[in-house]
Amino acid sequence: MNSLIFRTVAPFLTAVMLAFSIFVLLRGHNEPGGGFIGGLIAASALAIYGMALGPDVARKALRVHPLVIAAAGLLIAILSGMMSLAYDVPFLTGLWAEFNMGRDVLTLSTPMLFDFGVYLVVVGAVASMVLGLEDNEEESP
Amino acid sequence: MQSLPTPPGQWLVLLPVLIPLAGAALLLLLRQMKLLQLPLAVLIAAVTALCDFVLVMRVAESGPQAMTMGNWLPPFGIAFTVDALGAGFAFAAALVVTIVLLPLGADAPDRARRDGLYPQVLLLLAGVSGAFVTGDLFNLYVWFEVMLIASFGLLALGRQPMQLDGTVKYGFPNFMATSIFLLALGLLYGLMGTLNMADLIGASARADKAALAAIAALLLVGFGMKAAGFPLNTWLAASYHTPPPAIAALLAALLTKVGAYALIRSLAMVLPDARVMLEPALAVVAVATLTLGPLAAIAETGLRRLIGFLLIGGIGAMLAGLALGTEQGLAGAASYGIHAMLALGALYVIAGLVEKLTGAGDTRAMGGLLAMSPLIAMVFGLALFAVAGVPPLSGFWPKFLLVTAGIDRWLATGDMTALALWLAVLLNALLSLIAVARLFAHVAWRAAPLPGFAPQGPRQVMLTSREERMVLWPAALLVMGLVGLGLWPEPIMGFGMATAKALLDPAAYIAATQLAGGSP
Amino acid sequence: MNAAMAVLAGLFLSAGIYLLLSRALIRMLLGLLLFGNGVNLVILVAGRLSRGVPPIALDGKLPLAGAANPLPQALILTAIVIGFALFSFLLVLAYRAYQSLDADDTNEMRVAEPKGGPEPPLSY
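Chains as they are written, first to last, in my numbering: chain B, 1 to 141; chain R, 1 to 520; chain Y, 1 to 124.
Calculated directly from the structure, the hints in this document are not laboratory data. As the structure is a prediction and not an experimental result, all values here were calculated from the model. No residue lacks a Cβ here, since even glycine has one placed at the ideal position from N, Cα and C. Possibly wrong hints are sitting among the right ones.
In the DSSO-like style, the derived pairs of lysine-lysine whose C-alpha atoms are separated by at most 27 Å in a straight line are [stated by the list, open to error]:
id	chain 1	residue 1	chain 2	residue 2
1	Y	K115	R	K34
2	R	K356	R	K34
3	B	K60	R	K34
4	R	K501	R	K209
Partial list, derived from the structure: chain Y residues whose beta carbon lies under 8 Å from chain R [to be verified]:
id	residue
5	M5
6	A6
7	I43
8	F89
9	L90
10	E113
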């Protein structure tokens, strides 16, 4: 992809898509959206970045290996389920905490944490797969 | 939706899955610490095995254990229900993984380690344990896929052309098999309105028999392909000899057994009427697998491919037990599963050593193993004869159960199917013995390679002390287990009989599931 | 509607199987994809299609009468997610196999099982 326009636009596009993916992730709580969709959007943002500037640049921009992101997500998802151990309820039972923020009520819950874990797993796994496909020489899938 | 509090002890049901899953994630996070990976992986697998052992004891003491995810009451929530069969298989699987991790660490190339060898092994263990402990058919599908992804990665690790070839031939049929399984699940849900195993047992008695038979046939095709039953077993012979021996040991020990487990679970316990209807088909598959596996092994000269065919013959024994369907038959199938996990794990690891010592992968170019290393020859021979079912090794007792089951059923009912299965098990024992004895004679007794066949690689006369410690001793440990279970068969036979009783009378299983998370 | 969807699922499945019978890896991949989508359609139809109310229960109330069954959709979503992961793995694998074996025809992929080895020894 050696087009000047694409290379110029790609970083902005990536930034917008990453922000949008977070929006979709948080929106998923009560409306269509969620961790999986958000993760896919974020992974496609990284894929565009990799296409425009090369997979190695994209890897460097990520700083950590994509699979490490996925592993962190998996741990977060498991921990969100383990929290119910403290309340004598089965694994993955939804726990809720409400914070009064004046005008609004902020609701935090373990399903949201779980969704965040799913988001990271999807971003990491899909990004590592896509960046592997973008490599032309023999590199890890 | 108020329910009783869940005691922390009940979490034991989840641990066989959660520990390796979290462990895999942890190892990925610590991927920079290369020296820590192997010890941590062994530790995690060992802790999993320990939890499985406690679970086995608990199930033996107080019956099946269950937990429902997220407090959604069954049959709507996903339930994990562990009975004797699941706990026993999960324990054997974790044990084999713990032991085989050592040879895996000894000869894994650096590149494989960088590509996440140990996390994938633990992911495989999580998938396998999940399949053994889940009480929900759809959840079983999910664990199948987890297992499949991990096994893809392990098979292709290192990416030699031969491995890629093998993985392609492994991947497509197995993906197809899980798709067919999913198709059966969709139809089953349409027919019954539930996919919880305990709930299905009751519902299946009232369901339309013809539709049930069609769904069970789809399950037979899907699981049968996973279990490598004839005629859907060509993928195994095409792929299991391609990865490094220790990886092949893991896959051979775990994957096909999960397929056979799923067949036993779904047909013998969940849909018993369908099993009766499918009995002729099951019997044909079992007889063909029992006889053709060792026949192919006799004709094969590649050492690890030959072991693959022996493995297929063993799957036939499990299928024969399921086709017989009596208490003894199922006991034989279940105990054979445990034996096969230990035996094949050991056999592939030792085959790797034998190939290193003789410098060849082809039995015609081997020879003189006995002179080179009597110890390795003995361990190799014991593992081989255990797989063939020679007394006093562990393979004998499950086959003994199967033979008695066949003859008993034939005498009681005059059923020709039982007679055919009985003959096939005996024939399998004979053919396996011939294959194994020939193999041992060629590799160990014959003084030198056949004229015209030179070893492709250099012969390595001595094992390094690292190889001895990390490859030979773990394999010898597994073989000692095989000898031990052969001389003292009470645990494995008792496990088989308890399992069969629980499968044929699932009242306790249903009770455990419904009670999980409080009464509805 | 149910009958039409069942026919459509059948078409998907048969097209998938037809493609899977091909020798070209890329067609087999597409076949697996079609087969998987056919299976998802089967699950959807098996859960009974209804033109109804969304299955959303408001605080403490039961869902409205005639609500659609959400479970098949949850099953399909899971199946799609997992199928997606497996499919992308197979895609990468097929690409790598094509690169290193220089073949996308399964008949020509004979590295693991070479053709025409000599006979096994006929003595003991």
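Q: Given the hint that Y:K115 pairs with R:K34, test it: the Cα-Cα distance must not exceed 27 Å.
A: violated, 41 Å
Q) Does the nearest C-beta of chain R fall within a distance shorter than 8 Å of the C-beta of Y:I43? A) holds, 4 Å
(Q) Run the distance test for R:K356 versus R:K34: straight-line Cα separation, threshold 27 Å. (A) holds, 26 Å
Q | Closest C-beta approach of Y:F89 to chain R relative to 8 Å, hint status | A | holds, 5 Å
Q. Given the hinted pair R:K501 and R:K209, is their alpha-carbon gap at most 27 Å?
A. holds, 25 Å
**Q.** Hint check: 8 Å Cβ-Cβ cutoff, Y:E113 to chain R
**A.** holds, 6 Å
(Q) Hint check: B:K60 vs R:K34, CA-CA at most 27 Å. Holds or violated? (A) Status holds; Cα separation ~21 Å.
Q) Measuring from the C-beta of Y:M5 to each C-beta in chain R, is the shortest one below 8 Å? A) With Cβ-Cβ at 12 Å, over 8 Å, it is violated.
Q) Does Y:A6 pass the interface check with chain R, least Cβ-Cβ distance below 8 Å? A) violated, 10 Å
**Q.** Given hint Y:L90 near chain R, where the shortest CB pair must fall under 8 Å
**A.** holds, 5 Å
Checked against the numbered hints given earlier, the structure breaks hints 1, 5 and 6 and satisfies all the rest.
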